[in-house]
Amino acid sequence: MATFTGTVEVLDPIGMHARPAGQIVKLVKEAGVEVVFHYDSAETKANSALRLMAMKVKTGEVITVAVEHYDEAAANAIIAQIQDFLKG
Amino acid sequence: MSNELKGLGVGLTAAVGTVHVVAPAQPLPAWGKSTLGAAAELDRLKTAIAAVTADMDALAANADATTAEIFEAMKMWLEDEGLLEIAQEHLDEGSDAAGAIGQAFNAFADMFVGDDAFEERIADLQDLSRRIQASLAGIKMSLDLPQSGQIVLVGEDFSPADTAQFTPAIVGVVTRAGGPTSHTAIICRARSIAAVVSVADAGNLTDGQSILVDPVGDRVVIGGALSQATKPLEFAETDAAPLIPVRSNIGTAADAHTAAATKANGVGLFRTELLYLSAASQPSVEQQAASYAEVLAAAPAGPIVVRTIDAGSDKPVPFLNMPHEENPSLGVRGFRLIVEHRQFIADQLVSLEAARKQTGREVWVMAPMIATVDEAAEFAALARSLGQFKVGIMIETPAISMQVDRLAGVVDFVSIGTNDLSQYLFAADRMNPALGALLNPWQPGLIRMLAKIGADGAAAGVSVGVCGESASDPAFAVVLAGLGITSVSASPSQVNVVTNALASVTKEQAQAVAAAALAGTDAATAKANVLAALAS
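Note that the protein sequences, when read in sequence, are chains A and B. Sequential numbering from 1 applies to the first sequence in my numbering. Sequential numbering from 1001 applies to the second sequence in my numbering.
There could be a bad hint or two in this list.
Stated by the list, open to error - Which stretches of chain A does chain B cover? Using the computed rule of at least three CB atoms under 8 Å from a CB of chain B, they are: (1) 8 to 20; (2) 52 to 60.
As the list claims (entries may be wrong) - One side only, chain A facing chain B, incomplete, derived with CB under 10 Å: (3) Lys45; (4) Asn47; (5) Ser48; (6) Gly88.
Hint data in this document are derived by calculation from the structure and do not stem from the laboratory. Given the structure is predicted, the values throughout are model-derived calculations rather than measurements. The beta-carbon is built from N, C-alpha and C at its ideal position, and this holds for glycine as well.
All chains, full assembly: derive it from the sequences and hints.
The structure is reproduced here in structure tokens:
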């Protein structure tokens, strides 16, 4: 296991709202991995949609995503999918 | 008469049934310290969460797609790890199950406070919190409606979560609050449930009473019989031409097909928002043109009046990135988007021109939310430079209503949106259930303004249509014709009855009916005058 990081930008016009937060948690749980969002000097585990929403990330802001995985390509695919959920 | 309660009727169907009062929810017990221990409390909590999850499933199954999506999100929160961790902490500190989950929900609600994007989610969180606590206390949160019988539901107003539980036994609905455009009214109209809303004295009704719900009479009669129901005006079926053209309101190709099966003379309002509200990125001109061509081809014979995008921050188009506003209905919406999104509106017009050429249909275009003659001129110049359209504007603001004479030579036509014109004329939010009575189209202030617009339009040589809900009421449509309105546009289900009504009167008769409406000094009198004039 290693930690792979990437950045995602919130493009959704409503920011990190209920739908993308729910999609992200579902993805993380299905993948069975640990994902941590780093934003504004805070760390939030991406296993709780309510916690992700409580980060109050606005449109146009960037989050660093850290994925615990043994495979870099798979980790990057998860980050890419998270970016996709945040396109709105 | 003390056994008669006045309100605002919804639809034309009357019904008699037994009153079933939906009382405000029972208060939840106060939180306390656990006497059972943390493990037992956690078990109780899990049981309650499972019960609420099942309730949510049942609600989602009966709800429309949008509401079902909200229930699905709420279900996910019931198993949210962040939420359950906070609840566990409170259990470990000795809270009872209700206190633990209540405090966990409050913790998140507090984090969301002050963020407008989450205001509705706070309400959803608190709803879930109450549901779980109610389940723990053995309090019924669901309406628990009878499955059989003839029930008239009486309450303050009904939310989507409430109407999703309506059973076939519900033959009537009476609400103390809410207006003719409230959620309850829309659902009842769609399901042909007899309804009277804005009944100030609805609190006088008690369980078990037999009542007549008489929407045409705008009243509820305690002990009334169906034979006492006010008859809707019957206009004989006829092939005669109506006094003024009756068009149809549509939003989709499916609506266009439905409208084509009616007597509609073209389309008086094609709402184009649906194409954009769910799109993550702007559809290409080719995609837009193909969508429009499908609608134009299916529309009933006659001109097709297309309204350009009518979005605002309350109805955001995802790819236009609309900033939040304090008062979206008074904000940057409709034609006002041209400042930031001129290319988007131009692309829409280019797409419509392509669809017009492809289908050979007569297309008129109009812009919503116009307040000045300059804005009308700007839209007209843009539209004429991009296609062969008749060009017009919506009349929704009192400001442009006072300048219709100055639109001579600027636009070819105007179309009055009576729903928004009422909202802005009466300074009464369409979304506020307490203000329903002001949004009644029979209000004399609105009728006088319609009379002025009709007269000024005729003098200026600008044709004046009406495409708001009010034109779907056959009696009101006759008033409009008498006020000098030159066409009306109704929802597809109402096109034939409005056409029959307008075919049954002469111009002079319609003018007499309009005079009767203008003579009414309040909404109820104006309507009563008109019904009496039409019956004679």
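Checklist line | Coverage of the region 52 to 60 of chain A by chain B (three or more Cβ within 8 Å) | finding: Holds, because 4 residues of the region 52 to 60 of chain A bring their Cβ atoms closer than 8 Å to Cβ atoms of chain B.
Next item on the list: Double-check Lys45 (chain A) for me: the hint is only fine if its C-beta lies closer than 10 Å to a C-beta in chain B.
Entry: holds, 8 Å
Checklist line | Gly88 (chain A) as chain B interface residue, shortest Cβ-Cβ below 10 Å | finding: At about 5 Å, which falls below the 10 Å cut-off, the nearest Cβ of chain B leaves the hint on Gly88 (chain A) intact, so it holds.
Notebook entry, point to check: Quick one, is the Ser48 (chain A) hint okay against chain B at 10 Å, beta carbons?
Noted result: Holds - the Cβ of Ser48 (chain A) comes within 10 Å of chain B, reaching about 3 Å at its closest.
Check: Against chain B, does the region 8 to 20 of chain A show at least 3 residues with beta-carbon separation below 8 Å?
Finding: Answer holds; 7 residues pass the 8 Å Cβ test.
Next item on the list: Let me know if the C-beta of Asn47 (chain A) comes in closer than 10 Å to any C-beta of chain B, holds or violated.
Entry: Since the shortest Cβ distance to chain B is 5 Å, the answer is holds.
In the structure shown, no violation is registered for any of the earlier numbered hints.
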